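Protein chains in written order, with the working numbering: chain H, 1 to 790; chain A, 1 to 170.
These are computed hints drawn from the structure, not numbers from a lab.
Remember, it's a predicted structure, so these values are computed and weren't measured experimentally.
Among the hints, a few may not be true.
Said to hold, decoys possible - With a cut-off of at most 25 Å between alpha-carbon atoms, the simulated DSS-like pairs for lysine-lysine come out as follows:
| no. | chain 1 | residue 1 | chain 2 | residue 2 |
| --- | --- | --- | --- | --- |
| 1 | A | 17 | H | 740 |
| 2 | H | 97 | A | 136 |
| 3 | A | 103 | A | 17 |
| 4 | H | 81 | H | 653 |
| 5 | H | 653 | A | 52 |
Each chain, written out:
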Amino acid sequence: MIIVAPKDFKEDFWKSKDIKISIGDIVQDEVSGESGEPVEMGPTPKPHVTDLREWDMKLMERYEPFYAPFCDMCCLCTYGKCDLTAGKKGACGIDIKAQQARMVLLACCIGAAAHSAHARHLLEHLIEKKGNDFPIDLGMNIDIEAPIIRTLIGKAPKTLGDLREAMDYMEEQNLHLLSACHTGQEGSSVDFESKALHAGLMDNLGKEIGDIAQIVALDMPKGDENAPLVEMGMGTVDRDKPIVLCIGHNVSSGAGVIDYVEEEGLEDNVEVCGICCAAIDITRYNQHAKVIGPISKQLKFIRSGVADVIVVDEQCIRTDVLEEAKNNQAKVIATTDKMCLGLPNLTDEDADKIVAQLINNQIEGALILNSDKVGEVATKVAMQIADDRGMLKLLPDMDEIQELAKECTECGWCTRVCPNSIPIMEAVMGASEGDFSKMEALYDNDVCYTCGRCEQECERDIPIMSMMAKIGENKLKEQRFNMRAGRGPIQDVEIRKVGAPIVLGDIPGVIAFVGCTNYPEGAQDVAKMAKEFLERNYIVVTSGCGAMTIGEYRDEEGNTLYEKYSGDFDAKGLVNVGSCVSNAHIPGACIKIANIFAKKPLEGNFEEISDYILNRVGACGVAWGAYSQKAAAIATGVNRWGIPVVLGPHGTKYRRLYLGRTDKEETWQLNDMRTGNVVNGEPAPEHLLYAAENREEATVEIAKLCIRPNDTSKGRQLKLNHYIDLHKKYFGTIPEDVYKFVRVQKDIPITYKKDVMDILEEKGWEPRAIPQEPSIRDFKEEPKKKANGK
Amino acid sequence: MNERIIPWQPTVIAGPKQAMLVTPETAKMMLKKAKRPLFVIGPLVTGDPIMKLTMDISEHWDLPIVTTGDAYKTFGDRGIKTTRYGVVEIVNLLKDPDWKGIKGEGQHDLVMFIGCIYYIASQGLSTLKHFAPHLKTLTICKFFHSNADASFPNMNDDEWLKYLEKMKSD
């Protein structure tokens, strides 16, 4: 070997020659957009924790964090518990605001870690199966295939192996963020918030990595607006067959089951079904799999005893699944390092030996960290135990339910501990008299989402959840629905078609129903909201449990909304992007609008893109049943992109919202980047993270949150028309704040012209300038003047 | 422990600071003492006799009403003019000592709640407990709210109606 001493160069040599050296990576000219031309890197490639802080502060100047402490104390270190009421600080010096923000950051870090560890596992698993160089090809219609990665990392991934760079970056950032939660570090609530926003952004990134990896490597639909309808509901599985149930989020083990069933030609002999996002992703992988439903179905279905084998992977799985399964002699296979359940690790054991141990009850369940082996073991076990289990009587019959219900002492604590205080006690009392209608009313529409807290509280150990499961068995025929299989990203061609109508306001908004099933009054509220906006020409996007919930609703003609509306990303389109990780495609679509329609470069250009989305893309997220830390991270992440989110009432338990103040007019001023003028704006969007008390309030708020400063007068008319219409429908009047959204008379919807004009007159309204390029970012140079300053 | 003062949803207990249990008599004393009280009515107030009682209470004590959720329509349909806010919006305004209040006359010093969904009300009351030392909160629902400054106890409908009846007079 010849060792060559490095030559000494002048200090400015590297800079002057513009030479870049990267160890391990080949730095190539980056291209962006459709033109294929090299693009300039923006100011914030791979932004570190503090690099987007200025943007966060701008957001929080307008949308000040609103704290609703869930706990008055801090119990994270041994100085504590510390009482933080009445302005008191804890032993470390933290105050109640900073403590709430710290808990929000922690939640967002957990959420981001859950999605991203899932993505990392999938990525390495798929690289092992398909190879490092397996291409990222989302088909002819998607050139901007990774808008979040492009914006944050500064380049487009071409292969599965390329995704590792984004993954490495995300993991490093999340580590720093989690570190800030340690006692005696950050002390400012707004800086905790800035970090939470960064954690949310990392969550978005992790999800995009995970979903792109699984789409390309497992050949899931690639932005297919005609993705097939898949069967959904507890009534769709053939109970005479062996049944493997997959619960969780990571498709690898479910895919292993499907592969084995196909390889062995057992498709007609074994049912493979899923709950929660695992269900969505196995049906993206293979449409013969069936969706039982969202997370709310978990205990109902497990208690019914229908599943012979329960394969659990990660996230949102009942942690007592093993105990529940044991009660009805079902077998549990844990498949990831996130959830081992105390089971023996049999990954390296012979599959047939594991099968024998399981069916002979030598082990309670098995931890198998190899998806192919999971597929083989789960299928074989299900086939061998199904007949015997079929003979088991798993649920009480109706007479027994009546007898059990007679044990009720009417203490009422079942209702008090219920998250929604639904009338469980009345339902049990009714059952004790042979009237099951009240219990049916709670079962229907997931009014009871079977968290099981009532059962835990019952002093007479009445098996309320088993009673609920039995009630459901009587209604199996009704529980057959469908859902459009998750299509993944939005096509570039669709963005080209709708970019202008969305930005100019002709399509009144893009509304995304996402998240979990912690619904305040049952699942139909989500479908009703989706239907309301579909009928009004909005684009409705959905994912995860929200997507399943929407599919469980049938309209007056008996159709599901997926049967009634197309999967196009267009007005009146109902677009199921897929599972939790597919949520990344929703901000992804907004980013693509900025890139494809407005030609904004993505690479390293987060602030400009987010500013564009905030001021011009009328998108609004709705997480009506959000419960998890992942949902906290999802919402916080899209907030940072400038997309407002409406939560259900339980969302206040996240401890923090971002609320605007319409009475503080100065916070709505905008910089018109085209003219250099500072102009008075409107409260659009009024809030960044809002929690509504009921569906009616949420519906009106969603319509309002789609208004953007950039709307043309025609677009503003349309948006105001819907806002006024819905306000009249649910509140009975023309909204008094409508004058704030009228810039010029042309903005006034014709249908409501007289009413609105009356309000304008009453409020002393005067016309104001419409900004041409509205922004909350600073001017590059000093502003020229203040126009129409009032 | 006295079941009347365990929070209706028991796990909303946030810490050592708990609401004071009040009778209608004490609640009325609080109203008498207040200079700028406000009445916040949520969407669970939907029909008589509760609606009528809340309207009578509002009239007797000359309380401006803020309605949350869709209660604005419920009251509007009965010809009662109220001011509509989301419950998180009105709480956000109430925590600001510089807010000018519903009538523009200054921030309120007492806020009385009824009919908001229990757990979101509890969260809003927590906000005010921590960040609005300039005002007192009073809840007259049939559920004990530990995050309020003062609250009626848990009680059945009959007892609650009697409590509300008493609130209609000095």
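>> If you test the structure against every hint from before, which numbers come out violated?
In response: 1, 3 and 5
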